[in-house]
Amino acid sequence: MIVLNKKTKLLLGGLIYMFKNLLSSIGFEDLTVDTRVGQTEYHLGDTIEGIVELSGQTGHIEYIEIQLVERQENTDDTSDIQSFDDIISRVHLTPENDETIRFQLDVGNNIKSTTNQFFIMTHVYIANSIDAYDEDEIFFNQQ
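Numbering (our numbering), first residue to last: 56 to 198.
Hints listed in this document are in silico derivations from the structure and should not be mistaken for laboratory results.
Be aware that one or more of the hints could be misleading.
[Said to hold, decoys possible] Cβ pair distances, simulated, as ranges: (1) N196 - Q112: 14 to 22 Å; (2) N183 - T130: 37 to 45 Å; (3) H115 - T95: 27 to 35 Å; (4) S134 - Q94: 30 to 38 Å; (5) E128 - D191: 29 to 37 Å; (6) L148 - E96: 22 to 30 Å; (7) T95 - R145: 19 to 27 Å; (8) T95 - T155: 15 to 23 Å; (9) D89 - H147: 17 to 25 Å; (10) D101 - D131: 25 to 33 Å.
No experiment lies behind these values; they were computed from the predicted model shown.
Think of the CB as a built atom: it goes at the ideal place given N, C-alpha and C, for glycine as much as any other residue.
Input sequences plus hints: build the corresponding full structure.
Shown next as structure tokens:
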């Protein structure tokens, strides 16, 4: 067990504070995004409704992009690419001062196969900082 004296604790605390300020000044801020949908299984033609929950430094958000993506496996054995992503639906949101933002994605009938993987991908574009991301898998019923 390491025992630190009061001076060392103060020095370490000051260094941590300076490091956090440095990270913040170059764009490493604490913003997290969580995308939530009402269910995990859908049918063709459904509308996916959900919310985006933001926590942390939300003041510099330019916009939020939410995509429904169909991921299909690449069957070409000679290729280094394992899968292809097709965007089925997309919506751009401009947040107000809310930390919870509602959205809708229209599924339509553009899906190639319900046996492929599907994801709701959220990308929060932040000015002069590192963007925040979230990815959640959903499923489609064959009926």
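Okay, the hints, checked on the actual structure:
| no. | hint | result |
| --- | --- | --- |
| 1 | N196 - Q112: 14 to 22 Å | 39 Å, violated |
| 2 | N183 - T130: 37 to 45 Å | 42 Å, holds |
| 3 | H115 - T95: 27 to 35 Å | 32 Å, holds |
| 4 | S134 - Q94: 30 to 38 Å | 34 Å, holds |
| 5 | E128 - D191: 29 to 37 Å | 20 Å, violated |
| 6 | L148 - E96: 22 to 30 Å | 24 Å, holds |
| 7 | T95 - R145: 19 to 27 Å | 20 Å, holds |
| 8 | T95 - T155: 15 to 23 Å | 20 Å, holds |
| 9 | D89 - H147: 17 to 25 Å | 19 Å, holds |
| 10 | D101 - D131: 25 to 33 Å | 31 Å, holds |
In this structure, the earlier hints numbered 1 and 5 are contradicted, and the remaining ones agree with it.
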